[in-house]
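S.K.: Counted the way the UniProt record's numbering counts, the sequence shown spans residues 1 to 169.
Rather than coming from a laboratory, the hints here were simulated on the basis of the structure.
Treat each hint with caution, since some may be false.
[To be verified] Keeping only pairs whose Cα atoms sit at most 25 Å apart, straight-line, the calculated SDA-like set for lysine to any residue is:
{"no.": "1", "residue 1": "K68", "residue 2": "E25"}
{"no.": "2", "residue 1": "K160", "residue 2": "A13"}
{"no.": "3", "residue 1": "K68", "residue 2": "E148"}
{"no.": "4", "residue 1": "K129", "residue 2": "Q87"}
{"no.": "5", "residue 1": "K99", "residue 2": "Q87"}
{"no.": "6", "residue 1": "K99", "residue 2": "G36"}
{"no.": "7", "residue 1": "K65", "residue 2": "P8"}
{"no.": "8", "residue 1": "K129", "residue 2": "G64"}
{"no.": "9", "residue 1": "K68", "residue 2": "P8"}
{"no.": "10", "residue 1": "K68", "residue 2": "Q87"}
{"no.": "11", "residue 1": "K68", "residue 2": "P115"}
{"no.": "12", "residue 1": "K99", "residue 2": "G23"}
{"no.": "13", "residue 1": "K68", "residue 2": "G38"}
{"no.": "14", "residue 1": "K129", "residue 2": "L70"}
{"no.": "15", "residue 1": "K99", "residue 2": "P8"}
{"no.": "16", "residue 1": "K160", "residue 2": "P115"}
The structure presented is a predicted model; accordingly, all values stated were derived computationally and were not measured.
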Amino acid sequence: MDIRTEKPEDLEAVRNLNIVAFGRENEANLVDRLRGTGSTFSFVAVQSDRIVGHLFFSLVTVEGKCSKNLSILGLAPVAVLPNYQRQGIGTLLIRQGLKECARSGFQAVVVLGHPDFYPRFGFIPASRKGLGCEYDVPDEAFMVLELESGALQDCSGTVKYRSEFSLCE
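Could you build all of it, start to finish, from the sequences and the hints given here?
M.R.: See the structure below:
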């Protein structure tokens with residue numbers, strides 16, 4: 001299994017993967033729109049020359065009080081082809097993606113996801129760090145991971161996703 005940065009020649013396979021994995025076009029359309037903003041990180045899992053998994057990060061902002069200018073990413077979506085699910089591919093993608101985000105100087109990552117899955121990577125409810133989500137979601141489902149220790153120490157407010165997310169319904 002090879003985890004690598006998405007290449008231009010991967011775009012069609014990544015789009016198809018997201019459609020198959022989610023059973024609809026919403027997430028694939030979201031990725032296409034966000035990719036056009038230029039403020040994203042995209043990773044693929046490749047097995048036997050086939051893209052079987054995809055992980056996407058995009059910039060988010062905090063409306064509120066922060067003592068410093070932070071670079072924070074939102075993790076979404078993560079997708080694995082149905083025949084390859086439950087084999088640890090999503091976990092490998094997330095672990096490698098988080099390492100690359102930290103290496104690139106991002107201070108934190110937020111995710112709106114399953115509270116039984118993301119804590120294994122170090123995510124905690126964002127409310128513990130003074131952050132809320134712009135969407136009406138359960139507190140335990142909106143989580144944050146500091147990639148730089150103490151990055152969110154003097155920060156509180158509402159995390160805002162890019163406007164492209166509001167079109168993903």
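S.K.: Any hints this thing doesn't respect? Which numbers, in order?
M.R.: 1, 2, 4, 7, 9, 10, 11 and 12
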